[in-house]
Amino acid sequence: MTTAPPGLNEVLQRTFSFPKRHFLSATDLNEVEVANLLDLADGFVSLNRQTSKKLDLLKGRTLMNLFFENSTRTQSSFELAGKRLGADVVNMSPRSSSIAKGETLIDTAVTLNAMQPDLLVVRHSSSGAASLLSQKVSCSVINAGDGQHEHPTQALLDALSMRRSFGRIAGLKVAICGDVLHSRVARSNVALLQMLGAEVRLVGPPTLIPAQAERWNVAIHHRMREGIAGCDVVMMLRLQLERMDGVMAPSQREYFRFFGLDREKLAFAAPHVRVMHPGPMNRGVEIDSDVADDLSVSLIQDQVEMGVAARMAVLTSLAARLENAR
Amino acid sequence: MSGKPIAFTNVRLVDPASGYDGPGALIVTEGVIADVVKGGDLGALSRDVEVVDGKGALLLPGLVDIRVKTGEPGTETKETLKSAARAAAAGGVTSIVLQPDTDPVIDEPSVVDFILRRARDIELVKVHVAGAATKGARGERMAEIGLMTEAGCLYISDADRPIVDSKVMRRVLSYAKAFGVLVAHRPADPWLSAGAAASEGEFASRMGLPSVPAIAEKIMLERDLALVELTGSRLLVDQVTTASALESLKRGRDKGLAITATTSINHLSFNEIDIGDYRTFCKLDPPLRSEDDRQAVIEAVATGLIQVVVSAHAPAPAEDKRLPYDEAAPGAVGLQTLLPALLTFHHEDRIPLIDLIRTVTCAPAELLGLEAGRLAKGAPADLVLCDLNAPLLIDADKLISKSKNSPFDGRRLQGKVLRTVVDGRTVFAG
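Those protein sequences? They're chains Y and L, same order as listed. What the first sequence shows, in the numbering used here, is residues 1 to 326, in sequence order. What the second sequence shows, in the numbering used here, is residues 1 to 430, in sequence order.
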């Protein structure tokens, strides 16, 4: 087994407890918990950069990935996180199995629960699905995206990327741009970033901004240049192509013209601006490749790396609360 | 079959039809109300009379609930006519009007006949039906409105489904007028409502739920009011739940249009925040609204702008409710909780008792021409004896309905049904 890097050891030895059984929503967290999770994740980043990356913090534990929606990046991120912590990892894709035969979400969950997993990572196309599951199983449930509601580990990894890049989150001006309406990433980020003291703006055409989002205490902009003016971070969101064909926006080219991130628009942000995107990107639709691939401004690759570390932090914290934990 | 005579003494009679709310007594013989003594007592009674000392409890006309769904025919696992009738009896509801969106849809006289015969065999509460306005309630071609009316259906409605095509709606209104039958219509713009699970606003946005703006109700209502004006027909607006639609309703009534409106007990009792952490028992159609809307609806009941309150009883079994919110079936059972939930507004000093009772007794009865809903000599002895102040903790699992989907689960209410009488027969004693 690997030796944990010194920074990580120090954090691991700190006695902090994560008082929750599940990880369902960014709104469930408080500032102290987030700071602890980020410190822990920071340590895991160092570990992940070593040649030997494996610890035994979750030895003997079973992590089950239950993805009702396709996902390559999030699922493999959780899989790696689990494996690097020493857990046994099983991937289930119910799309191709029993759920298609009329079994309900709860039946599936109860069946899987009987196999005694310790951690259940769930992604589902309906808002509230992870919360519903958590009421029916005895293990810890981690929300890996529920409909248009939340994707809290994404917000955590985004916060980690920002904190490592700027050294702080409080006071940062963050513009979240694009399809906010359908975005669980946006909802989790708004909650988490505001808790950590960032100034959040939402930017997008009126058709893609949720009703009464101004009551979230965010500024709303429908013009990209005004929206990202002076921002430290520009976070782009994915817009599904089928929503752009006269449905939510008239066409791809019109969308890119007014809401796609290119050099010209980015010039209105702060000089040290960093660009983020939860992926997968629609290049030339919401973001120009030129911007996405420029490592001097883009944190997009970092976000993927931080994803594994942030998820390791979440898994470690939850596992410490599991029944008969060491 | 009417049982032996019953005398209710020492009760508080509430009879909105005559405007009386005060002490008194009432005697039932041969299934009808033989005498009502307001303010006094019955005097000497023969020995074969069952005397019920009310000890000051309320004696009301049995409730008339004009929007009830069961699962019969078609989905009897949800609710049968019998289980619904037992729930109604336990809730003090003595007349119910079934919605036509069963399987098969009640869109022709033989189905009307089938249900009325089934209901007669049950011999609990009085069961009536509403017939579909269009074949299959699909909003395309008119159903046999005349024949169904002849077979005994009380009003015409496509239940939850709005009639989108204005030409069809116009024809239904004018055709039904010739048969003197009332048309009910659900005001909901179908395109704005498509796929919605909640009302648009900060709450739905935060929870990531597909939502419909409140004005979807007003948009359809405005069309309907224009068609009522055009055809000179009567219209029952099926469940007004938003402040903006109430403005339209008021304008229509001020103009003298023949419109009446209902709302549901759920929309009087809950707002969207009650959905909380995706409680699917609070998923309704129309969806729960904002608190401002709820307050406006309460006010409209208080002022009489809304004349009728319905339970909107819509059973949905656990397998249809224990799903992610946007996949769960809408609707709530309500027959057994209608009366105590309504009494809340008396206990909160919001609406006078007699006005509350009117919305579930003589107002719906008069609207549909039913011989029910009043405490008058010679009227059918459909009665409910109720302890106005008795506390009640609603436990959904203990409700009589086959389906237990009550948003009132866990709520504390006041007002316990002690006895329900239909045509002089005691059908429930608590």
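These are calculated hints, taken from the structure and not from any lab test. Careful: at least some of the hints might be erroneous.
[Claimed, not checked] Listed next, with one range per pair, are the computed distances between beta-carbon atoms:
(1) L:Lys177 with Y:Gln212: 50 to 60 Å
(2) L:Ala194 with Y:Asp107: 24 to 34 Å
(3) Y:Ala267 with L:Glu229: 57 to 67 Å
(4) L:Gly304 with Y:Ala229: 46 to 56 Å
(5) L:Arg350 with Y:Gln13: 31 to 41 Å
[As the list claims (entries may be wrong)] Sample of chain Y residues lacking proximity to chain L, with all beta carbon distances greater than 12 Å (derived):
(6) Asp42
(7) Thr104
(8) Asp107
(9) Ser127
(10) Lys136
(11) Asp146
(12) His149
(13) Ser165
(14) Gly171
(15) Ala186
(16) Ala191
(17) Ala213
(18) Gly230
(19) Arg238
(20) His272
(21) Val273
Everything numeric in this text was worked out from a predicted model, so none of it was measured. Glycine included, every Cβ here is placed at the ideal spot set by N, Cα and C.
Contradicted hints - numbers only: Violated: hints 1, 5, 7, 8, 9, 10, 11, 12, 15, 16, 17.
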